[in-house]
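Quick mapping for you: the protein sequence lines, in order, are chains R and Z.
So in my numbering the end of the first sequence lands on 923, straight run, no missing numbers.
So in my numbering the end of the second sequence lands on 283, straight run, no missing numbers.
Everything labelled a hint here was simulated from the structure, so no lab data went into it.
From the three backbone atoms N, C-alpha and C, an ideal C-beta is built for every residue, glycine too.
Watch out, some of these pointers could steer you wrong.
Claimed, not checked - In silico BS3-like links for lysine-lysine, alpha-carbon gap of 30 Å or less:
hint, chain 1, residue 1, chain 2, residue 2
1, Z, Lys-170, Z, Lys-226
2, R, Lys-859, Z, Lys-226
3, R, Lys-859, Z, Lys-182
4, Z, Lys-226, R, Lys-879
Stated by the list, open to error - If you anchor each label on the Cβ, the simulated ranges turn out as follows:
hint, chain 1, residue 1, chain 2, residue 2, range
5, Z, Arg-232, R, Arg-887, 36 to 46 Å
6, Z, Ser-265, R, Leu-817, 23 to 33 Å
7, R, Ser-869, Z, Pro-276, 19 to 29 Å
8, Z, Arg-279, R, Lys-879, 31 to 41 Å
9, Z, Gln-187, R, Pro-822, 37 to 47 Å
10, R, Gly-863, Z, Ser-265, 14 to 24 Å
11, R, Thr-918, Z, Ser-265, 27 to 37 Å
12, R, Glu-826, Z, Ser-248, 27 to 37 Å
13, Z, Arg-184, R, Glu-868, 22 to 32 Å
14, Z, Arg-232, R, Glu-868, 34 to 44 Å
15, Z, Leu-180, R, Ser-819, 20 to 30 Å
16, Z, Lys-182, R, Thr-920, 30 to 40 Å
17, R, Asn-851, Z, Lys-170, 34 to 44 Å
What the hints assert, rightly or not - Here are a few chain Z residues that sit away from chain R, every Cβ distance over 10 Å (derived from the structure):
hint, residue
18, Ala-171
19, Phe-233
20, Ser-248
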Amino acid sequence: AQSVTQLDSQVPVFEEAPVELRCNYSSSVSVYLFWYVQYPNQGLQLLLKYLSGSTLVESINGFEAEFNKSQTSFHLRKPSVHISDTAEYFCAVSESVGSKSTFGDGTTLTVKP
Amino acid sequence: KAGVTQTPRYLIKTRGQQVTLSCSPISGHRSVSWYQQTPGQGLQFLFEYFSETQRNKGNFPGRFSGRQFSNSRSEMNVSTLELGDSALYLCASSPSPGTGYEQYFGPGTRLTVT
Numbered sequence: 811a812q813s814v815t816q817l818d819s820q821v822p823v824f825e826e827a828p829v830e831l832r833c834n835y836s837s838s839v840s841v842y843l844f845w846y847v848q849y850p851n852q853g854l855q856l857l858l859k860y861l862s863g864s865t866l867v868e869s870i871n872g873f874e875a876e877f878n879k880s881q882t883s884f885h886l887r888k889p890s891v892h893i894s895d896t897a898e899y900f901c902a903v904s905e906s907v908g909s910k911s912t913f914g915d916g917t918t919l920t921v922k923p
Numbered sequence: 170k171a172g173v174t175q176t177p178r179y180l181i182k183t184r185g186q187q188v189t190l191s192c193s194p195i196s197g198h199r200s201v202s203w204y205q206q207t208p209g210q211g212l213q214f215l216f217e218y219f220s221e222t223q224r225n226k227g228n229f230p231g232r233f234s235g236r237q238f239s240n241s242r243s244e245m246n247v248s249t250l251e252l253g254d255s256a257l258y259l260c261a262s263s264p265s266p267g268t269g270y271e272q273y274f275g276p277g278t279r280l281t282v283t
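Build out the structure end to end from the sequences listed, making use of the hints.
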């Protein structure tokens with residue numbers, strides 16, 4: 811069975827600092843990986859996804875994540891965060907054989923001025 | 170395209186009552202999933218429907234049920250409400266179930282049980 815572990819429940823950083831949100835997964839088959847973001851009082855929105863090909867994927871607002879098969883990780887990074895990046899971030903995995911997505915417990919990113 | 174819509178957005182019920190929540194997926198999406206989100210338990214999968222059939226079910230008691238209609242709209246029902254059912258209920262749609270498709274989430278229905 812697939813599972814997802816987000817290693818940090820809370821990450822406080824100062825504006826313009828770099829940030830890394832860590833995600834590890836467990837699966838016995840090939841997987842698809844996703845990062846979603848949830849702003850206060852809203853549903854989740856897709857930030858980026860890895861399906862195949864290049865292991866480094868990028869979002870339009872400066873986030874990137876790298877799929878590392880040997881370490882079964884999909885960490886999310888941004889070199890310089892803004893106040894508006896304050897939100898909860900969820901890592902999700904979907905196995906390649908027609909199963910539901912499994913979500914991590916979420917990481918709350920708080921960007922301070 | 171219009172996004173996923175959920176009604177109602179907010180709901181207050183009393184213990185023992187039942188509640189029905191509604192979800193309209195993005196036009197053309199045939200897969201609908203439901204999640205319960207609470208501060209203590211995070212995001213927990215309830216069930217997934219595709220073509221009016223339940224494909225997957227999470228680890229919730231039988232008080233939680235759902236269905237999908239021929240137009241892909243979905244409802245979930247919770248009977249005999251308990252205080253612990255207070256949560257944000259999220260609906261998500263995708264073109265097809267599972268593999269590789271990202272999910273598009275609605276804003277959620279916030280249920281408060283008193």
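Against the structure, test the hints numbered earlier, and report the numbers of the ones violated in rising order. 3, 12, 13, 17
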